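Residue strings, one per chain:
There are 2 protein chains.
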Amino acid sequence: MTLETALAELERKLGPRFTRATATLAQYGQSETHISGGLPDAVVFPRTSEEVAMIAQLCAKHGVPMVGRGAGTSLEGHALALNGGVAIDFTKMNQLLAVYPEDMLCVVQPGITREALNAELRATGLFFPVDPGANATVGGMAATRASGTTTVRYGTMRDHVLALEVVLADGRTIRTGSAAPKSAAGYDLTALFVGSEGTLGLMTELTLRLHGQPEAISAAVCGFDTITHAVDCVIATIQNGIPMARIEFLDTTAVEACNAYAGNTLAAQPQLLVEFHGSPVGVQEQTERFAKIAAEMGSTGFTWAQAAEERTKLWQMRYNAYPAVLALRPGATALVTDVCVPISKLAQAVEETRAEIAQSPIMGPILGHVGDGNFHAILLVDKKNPVEMAAAKHLSARMVERALRLGGTITGEHGIGCGKLDYMAAEHGAAWDVMGQLKRALDPACLMNPGKMVRQT
Amino acid sequence: MTLETALAELERKLGPRFTRATATLAQYGQSETHISGGLPDAVVFPRTSEEVAMIAQLCAKHGVPMVGRGAGTSLEGHALALNGGVAIDFTKMNQLLAVYPEDMLCVVQPGITREALNAELRATGLFFPVDPGANATVGGMAATRASGTTTVRYGTMRDHVLALEVVLADGRTIRTGSAAPKSAAGYDLTALFVGSEGTLGLMTELTLRLHGQPEAISAAVCGFDTITHAVDCVIATIQNGIPMARIEFLDTTAVEACNAYAGNTLAAQPQLLVEFHGSPVGVQEQTERFAKIAAEMGSTGFTWAQAAEERTKLWQMRYNAYPAVLALRPGATALVTDVCVPISKLAQAVEETRAEIAQSPIMGPILGHVGDGNFHAILLVDKKNPVEMAAAKHLSARMVERALRLGGTITGEHGIGCGKLDYMAAEHGAAWDVMGQLKRALDPACLMNPGKMVRQT
Numbered sequence: 043m044t045l046e047t048a049l050a051e052l053e054r055k056l057g058p059r060f061t062r063a064t065a066t067l068a069q070y071g072q073s074e075t076h077i078s079g080g081l082p083d084a085v086v087f088p089r090t091s092e093e094v095a096m097i098a099q100l101c102a103k104h105g106v107p108m109v110g111r112g113a114g115t116s117l118e119g120h121a122l123a124l125n126g127g128v129a130i131d132f133t134k135m136n137q138l139l140a141v142y143p144e145d146m147l148c149v150v151q152p153g154i155t156r157e158a159l160n161a162e163l164r165a166t167g168l169f170f171p172v173d174p175g176a177n178a179t180v181g182g183m184a185a186t187r188a189s190g191t192t193t194v195r196y197g198t199m200r201d202h203v204l205a206l207e208v209v210l211a212d213g214r215t216i217r218t219g220s221a222a223p224k225s226a227a228g229y230d231l232t233a234l235f236v237g238s239e240g241t242l243g244l245m246t247e248l249t250l251r252l253h254g255q256p257e258a259i260s261a262a263v264c265g266f267d268t269i270t271h272a273v274d275c276v277i278a279t280i281q282n283g284i285p286m287a288r289i290e291f292l293d294t295t296a297v298e299a300c301n302a303y304a305g306n307t308l309a310a311q312p313q314l315l316v317e318f319h320g321s322p323v324g325v326q327e328q329t330e331r332f333a334k335i336a337a338e339m340g341s342t343g344f345t346w347a348q349a350a351e352e353r354t355k356l357w358q359m360r361y362n363a364y365p366a367v368l369a370l371r372p373g374a375t376a377l378v379t380d381v382c383v384p385i386s387k388l389a390q391a392v393e394e395t396r397a398e399i400a401q402s403p404i405m406g407p408i409l410g411h412v413g414d415g416n417f418h419a420i421l422l423v424d425k426k427n428p429v430e431m432a433a434a435k436h437l438s439a440r441m442v443e444r445a446l447r448l449g450g451t452i453t454g455e456h457g458i459g460c461g462k463l464d465y466m467a468a469e470h471g472a473a474w475d476v477m478g479q480l481k482r483a484l485d486p487a488c489l490m491n492p493g494k495m496v497r498q499t
Numbered sequence: 043m044t045l046e047t048a049l050a051e052l053e054r055k056l057g058p059r060f061t062r063a064t065a066t067l068a069q070y071g072q073s074e075t076h077i078s079g080g081l082p083d084a085v086v087f088p089r090t091s092e093e094v095a096m097i098a099q100l101c102a103k104h105g106v107p108m109v110g111r112g113a114g115t116s117l118e119g120h121a122l123a124l125n126g127g128v129a130i131d132f133t134k135m136n137q138l139l140a141v142y143p144e145d146m147l148c149v150v151q152p153g154i155t156r157e158a159l160n161a162e163l164r165a166t167g168l169f170f171p172v173d174p175g176a177n178a179t180v181g182g183m184a185a186t187r188a189s190g191t192t193t194v195r196y197g198t199m200r201d202h203v204l205a206l207e208v209v210l211a212d213g214r215t216i217r218t219g220s221a222a223p224k225s226a227a228g229y230d231l232t233a234l235f236v237g238s239e240g241t242l243g244l245m246t247e248l249t250l251r252l253h254g255q256p257e258a259i260s261a262a263v264c265g266f267d268t269i270t271h272a273v274d275c276v277i278a279t280i281q282n283g284i285p286m287a288r289i290e291f292l293d294t295t296a297v298e299a300c301n302a303y304a305g306n307t308l309a310a311q312p313q314l315l316v317e318f319h320g321s322p323v324g325v326q327e328q329t330e331r332f333a334k335i336a337a338e339m340g341s342t343g344f345t346w347a348q349a350a351e352e353r354t355k356l357w358q359m360r361y362n363a364y365p366a367v368l369a370l371r372p373g374a375t376a377l378v379t380d381v382c383v384p385i386s387k388l389a390q391a392v393e394e395t396r397a398e399i400a401q402s403p404i405m406g407p408i409l410g411h412v413g414d415g416n417f418h419a420i421l422l423v424d425k426k427n428p429v430e431m432a433a434a435k436h437l438s439a440r441m442v443e444r445a446l447r448l449g450g451t452i453t454g455e456h457g458i459g460c461g462k463l464d465y466m467a468a469e470h471g472a473a474w475d476v477m478g479q480l481k482r483a484l485d486p487a488c489l490m491n492p493g494k495m496v497r498q499t
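Here the protein sequences come in this chain order: A and B.
All residue numbers in the first sequence are consecutive under the numbering used here, ending with 499.
All residue numbers in the second sequence are consecutive under the numbering used here, ending with 499.
If you're looking for bench data, these hints aren't it; they were derived computationally from the structure.
Hints should not be assumed to be uniformly reliable.
Under 8 Å between C-beta atoms, here's a sample of chain A residues computed to sit facing chain B [claimed, not checked]:
{"hint": "1", "residue": "104"}
{"hint": "2", "residue": "115"}
{"hint": "3", "residue": "189"}
{"hint": "4", "residue": "335"}
{"hint": "5", "residue": "403"}
{"hint": "6", "residue": "472"}
{"hint": "7", "residue": "487"}
{"hint": "8", "residue": "488"}
Chain A residues, not near chain B, derived (Cβ > 10 Å throughout) [what the hints assert, rightly or not]:
{"hint": "9", "residue": "45"}
{"hint": "10", "residue": "124"}
{"hint": "11", "residue": "145"}
{"hint": "12", "residue": "162"}
{"hint": "13", "residue": "218"}
{"hint": "14", "residue": "227"}
{"hint": "15", "residue": "268"}
{"hint": "16", "residue": "282"}
{"hint": "17", "residue": "340"}
{"hint": "18", "residue": "358"}
{"hint": "19", "residue": "372"}
{"hint": "20", "residue": "373"}
These numbers were taken from a predicted model, which means no experiment stands behind them.
Where a beta carbon is used, it is the ideal one built from N, C-alpha and C, also for glycine.
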């Protein structure tokens, strides 16, 4: 058996960093969400790019699927080994390899988590801003084109990966991009691999853009009587060129969940949580201008959080929104939806989603990175109850259809994985076939994360 | 003859918007620079996406090369029809199709020029910032991943094209991206087409990000005794998080050329031209902080230009740098180089280039978008003098080699075209083969701008 030959060779080469232990394999068949299945035949823990290339060469030779995995925090089953094969766990490739303060860049291995990276960067005065909530690995974040709370100001992973080392399906290692801030030299391979979810290659080294830690930060929370007023406030703020570093939306149910979980006393109405970064003077000006716009949009309960401690409390509440929502229904599983629309359509998309959830048997608070037109409903279900699962999946499908109808996308930041493959044709039409052509060009045997991203032939 | 069949059919369908007139064809065999050659067999002027698809379908059927062309301002011979075929002139597809002020987006046909676009946008309070100097078409700018003076603040074309309609080599029309501000849904085809120089498809519609016209603008010019001090000033400004909207560098020779051309009296030393955008308070703060940093780096002759008229004069001088340099040697042709390096290596790259030009028989002022690590030497040559041409090409090759040695790229913004194909292997290694694989996947007969971008097989 060629699979067995490949695995025996991998075990010989990697020793204790190779395993077929049943309990471990079972772990890799699980994900953060209701999506599971697809056990790998083995798990390997490479330490170097060379080892990844060796693994890929062996797998290519023997026709064995390869599925990369970071912290396992993806929400659409990206790292499930649907066709078996080798799960490549990158968590031992977790080094910060270099920092270039003058260029505001760093070079990392893919398995470093964003929190570990920022802890290591602290003394340099620089930071890596992309913040999807979970303490994901940077490689996983690049593979899924992650974004999050700070994207309105700093951008997504697309804007932060400047160069890559990638191991291809045939075991070749290539380098894309450079440390130059921009380039017009050829196809943008870096952008092609970012967001490709391990289906075109395995990232083994990333050059990341960094930013100076802001001199001053201030944050605020303010309530609105309607979702539309909250979104209008965000639109006006953007149009006025006020650079928000974060602007997060919580609907009434989400606010109630956070209040109950953290002992807060926010008014039970749509709330915006906002943060500004800059010089002391700049932040002062931004906050004042934002307060004026918010007041014009009828905001109430406006509260500043300028002290670090108050800000921490505010954002801790936001970070804990997920467990807070889960606590609304102990024992429930979350089906976390994710769509993104043009910001002019955001209020409509959220209002219609809100109304549909209200008419369903499902509880589902809504939160959003509203500066990006991106929002999530966290649908709470008993995953053993087929009626509830069907209702939740129906709501999710309706959100996706609505997003497309409004000119948006089926996923703002969670990616496709297993969960959204069926919507790719609706979003991309013939362009989805083009993705398939690219996939076949680089991975004709479909060994890289098979069953994901492209049309199954 | 299948070429003749295709052309006859195109003539029948396009009528007066098809030509084989010798004088017109000859025009399309010229470029802005010393690079020329490669006459098309015909020129067509489509008006709609459907016409472009029809042209591509006919060309595909009959194996006829297709070469897109905008304003013809590219500098590396991008639009030369090296294998003959049909030149597709997009200048009649020059409409602003829609503006979405709340989403800060517009939809354009590829043939609109950036100046025409901004003229049409003026009343909306929005503007399109990418400014490569020439009044290029937006489609051409996207095809070459153009950037320019404002990139340090606003980014390149890569950051401004949110969605595309593209006609492929086989005549299929696809749409990439959406009007949502971000997406994690599949391969980033938009980024793949941006910068592909017409070798993967023809852009027929572009959705572009816009920005609010700044409330306040101020500009300044300041001199430094060395290139290194000027660059150090730029690095410190970036590290301090001061958002420069433009930061342009002129070396001593370029300053002298501008002085002579426009009757300015800038000191004959390395000069920085800088501009700040923002609120009145923000701009005031930025300019003061910049002035302080510049003073610390030993700047002299610091002059503010806050009135619109003074700013216009300052930037007019920068825009006229190219004719000003050409005027240094009447009758000469410019060989315009373009490299980009990590900003920490910029002073070294410029100093070494400066020294090498000084030792050559060629006159070559240096200008740069220093916030991006990007600079140009404008080498003045008598293109009929083979010794001079050889010397200039040698200088250009040395700049490219130096940029790569310092971790940079062979072109920051001008692209590959005919002029830089020979350097692609040196920059990309095995990744260049991957570009070839992608090209063959989408254009197996190599009909889209043949002879460009990828390795010739």
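For each hint, the structure was consulted:
no., hint, result
1, 104, "violated, 22 Å"
2, 115, "violated, 14 Å"
3, 189, "holds, 6 Å"
4, 335, "violated, 13 Å"
5, 403, "violated, 29 Å"
6, 472, "holds, 5 Å"
7, 487, "violated, 14 Å"
8, 488, "violated, 14 Å"
9, 45, "holds, 27 Å"
10, 124, "holds, 18 Å"
11, 145, "violated, 5 Å"
12, 162, "holds, 18 Å"
13, 218, "violated, 5 Å"
14, 227, "violated, 5 Å"
15, 268, "holds, 17 Å"
16, 282, "violated, 7 Å"
17, 340, "holds, 18 Å"
18, 358, "holds, 25 Å"
19, 372, "holds, 31 Å"
20, 373, "holds, 30 Å"
The structure fails hints 1, 2, 4, 5, 7, 8, 11, 13, 14, 16 (numbered hints given earlier, in ascending order).
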